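A.B. asks: Using the hints provided, position chain R relative to the given structure of chain G.
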Amino acid sequence: MSTNQALVVRDLKKKYPKADALKGVSLSLPQGEIWGLLGPNGSGKSTLLKCVVGLVTPDGGDITISGQPPSRETKAQVAFVPEVENLYRWMTIRQAIDFTATFYEDWEHERVEELLNFMRLDPTKKISSLSKGMRARLKLILALSRRAPLILLDEPFSGIDPASRDRIVEGIVRQFKSEEQTMIISTHAVGDTEQLFDAVVFLDEGTVSLQGNAEDLRRQYGRSINDLFKEVFA
Amino acid sequence: MNIDFSTSIPIYLQIIDEFKRQIVTGTLKPGDKIPSQRDLAAEIKVNANTVQRAYREMEILGLVETLRGQGTFVCQNHGIVEETRNEMLTNLVDDFVRAVQALGLSVDATLEVVRTRFSEIEAGEEVNNE
Chain G
306 MSTNQALVVR
316 DLKKKYPKAD
326 ALKGVSLSLP
336 QGEIWGLLGP
346 NGSGKSTLLK
356 CVVGLVTPDG
366 GDITISGQPP
376 SRETKAQVAF
386 VPEVENLYRW
396 MTIRQAIDFT
406 ATFYEDWEHE
416 RVEELLNFMR
426 LDPTKKISSL
436 SKGMRARLKL
446 ILALSRRAPL
456 ILLDEPFSGI
466 DPASRDRIVE
476 GIVRQFKSEE
486 QTMIISTHAV
496 GDTEQLFDAV
506 VFLDEGTVSL
516 QGNAEDLRRQ
526 YGRSINDLFK
536 EVFA
Chain R
20 MNIDFSTSIP
30 IYLQIIDEFK
40 RQIVTGTLKP
50 GDKIPSQRDL
60 AAEIKVNANT
70 VQRAYREMEI
80 LGLVETLRGQ
90 GTFVCQNHGI
100 VEETRNEMLT
110 NLVDDFVRAV
120 QALGLSVDAT
130 LEVVRTRFSE
140 IEAGEEVNNE
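Those protein sequences? They're chains G and R, same order as listed. At position 128 of the first sequence the residue is numbered 433 (our numbering), and the sequence of numbers has no breaks. At position 50 of the second sequence the residue is numbered 69 (our numbering), and the sequence of numbers has no breaks.
Hint data in this document are derived by calculation from the structure and do not stem from the laboratory. Among these hints, one or two may not hold up.
As the list claims (entries may be wrong) - Below, simulated EDC-like cross-link-like pairs (lysine to aspartate or glutamate); rule was C-alpha separation at most 16 Å, straight line: (1) LYS52(R) / GLU78(R); (2) LYS48(R) / GLU101(R); (3) LYS48(R) / GLU84(R); (4) LYS39(R) / ASP127(R); (5) LYS39(R) / GLU76(R); (6) LYS430(G) / ASP403(G); (7) LYS64(R) / ASP403(G); (8) LYS535(G) / ASP509(G); (9) LYS482(G) / ASP58(R); (10) LYS64(R) / ASP471(G); (11) LYS64(R) / ASP497(G); (12) LYS328(G) / ASP509(G).
Only a predicted model underlies this, so the values are computations on that prediction, with no experimental measurement involved.
Bound-form chain G, shown alone:
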């Protein structure tokens, strides 16, 4: 293989008091690809992403980011966008951007204006006045304004309007730099976003039930990823 692995997860396990969130998950992401982490709510998608970014400590298995075990340095390489609201509602868009920028050395101020424009957001607006779709677009701006080698988006399309979803899909296609970046997008609603993915991982109750290159799966099964998803999780 000539490609480097941006992320390798091996036999990852995580137990919560009431359930096993991850029961031995393994995957290997080549640098430059966009992967879809697909599964219904509660399948372990968020837990997996949080383990990678270091917010959750796994009970077993290991993770390497660009060949290194998780550390302070690898943390700086990962941009994680959680599903939960992480924006202060009293801030304006501009304030939220400036506030977030102070945390990161790889922040690209020039890129912000281009992204605001593309995402059709007015920086003087207050977060509290934004729709869910607008907040989702802002969260993507915050992730893409960094030059992070590994970007993790947790449910970026959840509960938003189709126009916002299309903007986000197009924003990712335009801004993703495959020469230096790698991305994982988790979602439980595959429709209209599957063309984004190089490869997909189906996560079913903490176990990988299907994994592969998206185009190869389409050819092999003669079906869309969305149809396969519906079948597996019917």
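C.D. replies: This is chain R only, laid out in the frame that chain G set:
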């Protein structure tokens, strides 16, 4: 370029087919510049690696060539339109022949219906266009 693609078939193959169609119908002419990979990806909202795979395949097929720093162009090769047309026609006919053979129909009976339907459908389209 507007591709109304189905996600049940590999997307890069559908991108190649669309370029072939445009070459055969003359929408794209030998020597014409085609969109950059990044522009096409953004336009049809498809992963850039998928578009890259389609372009790489089209280069191998001799449909397009990429000139350093200038972009990607439909090959100047004179036979390209005819070759592509023949290839697409052969593929369509092959599918048709196999389906007809599976029904146990003869060449002569089939060809007669093909001729009749050809003119009927053409006539029908003219009516529809008015």
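A.B. asks: Starting from LYS48(R), check that the Cα of GLU84(R) is at most 16 Å away, please.
C.D. replies: holds, 13 Å
A.B. asks: Are the Cα positions of LYS430(G) and ASP403(G) separated by 16 Å at most?
C.D. replies: holds, 14 Å
A.B. asks: If you draw a straight line from the CA of LYS64(R) to the CA of ASP471(G), is it 16 Å or shorter?
C.D. replies: holds, 8 Å
A.B. asks: Verify the proposed pairing of LYS64(R) with ASP497(G), using a straight-line Cα cut of 16 Å.
C.D. replies: holds, 10 Å
A.B. asks: Taking 16 Å as the top limit, are the C-alpha atoms of LYS328(G) and ASP509(G) close enough?
C.D. replies: holds, 10 Å
A.B. asks: Taking 16 Å as the top limit, are the C-alpha atoms of LYS52(R) and GLU78(R) close enough?
C.D. replies: Satisfied, since the Cα-Cα distance of roughly 14 Å is no more than 16 Å.
A.B. asks: Has the given pair, LYS482(G) with ASP58(R), been kept, meaning a C-alpha gap of at most 16 Å?
C.D. replies: holds, 14 Å
A.B. asks: Does LYS64(R) pair with ASP403(G) here, judged by a C-alpha cut-off of 16 Å?
C.D. replies: Between LYS64(R) and ASP403(G) the Cα gap is close to 29 Å, so the pair fails against 16 Å, i.e. violated.
A.B. asks: Is the Cα-Cα distance between LYS39(R) and GLU76(R) 16 Å or less?
C.D. replies: Distance of about 12 Å is within 16 Å: holds.
A.B. asks: CA of LYS535(G) to CA of ASP509(G), is that 16 Å or under?
C.D. replies: holds, 12 Å
A.B. asks: Would you mind confirming whether the straight-line C-alpha gap from LYS39(R) to ASP127(R) stays at or under 16 Å?
C.D. replies: violated, 31 Å
A.B. asks: Given the hint that LYS48(R) pairs with GLU101(R), test it: the Cα-Cα distance must not exceed 16 Å.
C.D. replies: Holds: LYS48(R) and GLU101(R) sit about 12 Å apart, inside 16 Å.
Comparing the model with each earlier hint shows violations of hints 4, 7; every other hint is respected.
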